[in-house]
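Peer 1: With the sequences and hints as input, model every part of the structure.
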Amino acid sequence: NAGVTQTPKFQVLKTGQSMTLQCAQDMNHEYMSWYRQDPGMGLRLIHYSVGAGITDQGEVPNGYNVSRSTTEDFPLRLLSAAPSQTSVYFCASSRTVPPYGYTFGSGTRLTVV
Amino acid sequence: GQQVMQIPQYQHVQEGEDFTTYCNSSTTLSNIQWYKQRPGGHPVFLIQLVKSGEVKKQKRLTFQFGEAKKNSSLHITATQTTDVGTYFCAGIGGSYIPTFGRGTSLIVHP
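Chains as they are written, first to last, in our numbering: chain A, 38 to 150; chain B, 25 to 134.
Read the hints as simulated data drawn from the structure, not as lab findings.
Positions of the beta carbon are idealized from the N, C-alpha and C atoms, including for glycine.
Any given hint might turn out to be false.
One side of the interface only, derived from the structure: several residues of chain B facing chain A at Cβ under 7 Å [to be verified]:
#, residue
1, Tyr46
2, Asn55
3, Gln72
4, Phe124
The calculated label-pair distances, taken between Cβ atoms and stated as ranges, are [unchecked claim]:
#, chain 1, residue 1, chain 2, residue 2, range
5, B, Lys75, A, Thr148, 42 to 50 Å
6, A, Val150, B, Thr106, 35 to 43 Å
7, B, His133, A, Pro112, 36 to 44 Å
8, B, Ala102, A, Arg114, 42 to 50 Å
9, A, Thr148, B, Gly77, 41 to 49 Å
10, B, His133, A, Pro76, 31 to 39 Å
11, A, Ser55, B, Thr52, 38 to 46 Å
12, A, Ser55, B, Glu41, 46 to 54 Å
13, B, Thr51, A, Pro112, 41 to 49 Å
14, B, Gln82, A, Gly53, 41 to 49 Å
15, A, Gln59, B, Thr105, 33 to 41 Å
16, B, His99, A, Thr123, 33 to 41 Å
Peer 2: Spelled out as structure tokens, the structure:
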């Protein structure tokens, strides 16, 4: 099992560019979520999904879109990158809605210049 | 909304000393989870507590859930350099969405 796979690991964007962060899991987990991690801020929830076709907003959703067309994949789209979106992004999944523990991907380090 | 406060933000210890991090919620929790993140790594799930007053141990790590289910602690006995990292608690309340604390970074000096 690969677990949760995130690509790319590193990315540099120019302000205004768009891109998609990929997240895939092979554990048949129903629940998937995206977090961003900034120094001293912990993990903040961007969007989450409780199953294919269902998504909802977290604490900091502005500037990001998600979709969940399959159980395995949960891509995060940055519509028009801004320097404030410079962060480390983690995708996480769990068997079903929490309170099962999360399995995290290895993260994408994004810099917007 | 639910807030989860974690203290201290940083803790320096000499190898062999004990370490404790505390997690406090503004609301009563149904569950609390603990994660460890090594420098440059991703969070890894350690444990979940669900019962009032629950105490669980994993080798040198002891996890407690308060009687009122609003606070929790993680205690490490005789720290080792392999314990270095940031420890996060995540509280789960009425909604099933975990709210993460900001973490405690443990620095162990050999």
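Peer 1: Take the hints in turn and mark each one as holding or not.
Peer 2: Each hint, compared with the structure:
{"no.": "1", "hint": "Tyr46", "result": "15 Å, violated"}
{"no.": "2", "hint": "Asn55", "result": "4 Å, holds"}
{"no.": "3", "hint": "Gln72", "result": "6 Å, holds"}
{"no.": "4", "hint": "Phe124", "result": "4 Å, holds"}
{"no.": "5", "hint": "B:Lys75 <-> A:Thr148: 42 to 50 Å", "result": "44 Å, holds"}
{"no.": "6", "hint": "A:Val150 <-> B:Thr106: 35 to 43 Å", "result": "36 Å, holds"}
{"no.": "7", "hint": "B:His133 <-> A:Pro112: 36 to 44 Å", "result": "42 Å, holds"}
{"no.": "8", "hint": "B:Ala102 <-> A:Arg114: 42 to 50 Å", "result": "47 Å, holds"}
{"no.": "9", "hint": "A:Thr148 <-> B:Gly77: 41 to 49 Å", "result": "45 Å, holds"}
{"no.": "10", "hint": "B:His133 <-> A:Pro76: 31 to 39 Å", "result": "22 Å, violated"}
{"no.": "11", "hint": "A:Ser55 <-> B:Thr52: 38 to 46 Å", "result": "42 Å, holds"}
{"no.": "12", "hint": "A:Ser55 <-> B:Glu41: 46 to 54 Å", "result": "49 Å, holds"}
{"no.": "13", "hint": "B:Thr51 <-> A:Pro112: 41 to 49 Å", "result": "33 Å, violated"}
{"no.": "14", "hint": "B:Gln82 <-> A:Gly53: 41 to 49 Å", "result": "47 Å, holds"}
{"no.": "15", "hint": "A:Gln59 <-> B:Thr105: 33 to 41 Å", "result": "34 Å, holds"}
{"no.": "16", "hint": "B:His99 <-> A:Thr123: 33 to 41 Å", "result": "35 Å, holds"}
When held up to the earlier numbered hints, the structure conflicts with 1, 10, 13 and fits the remainder.
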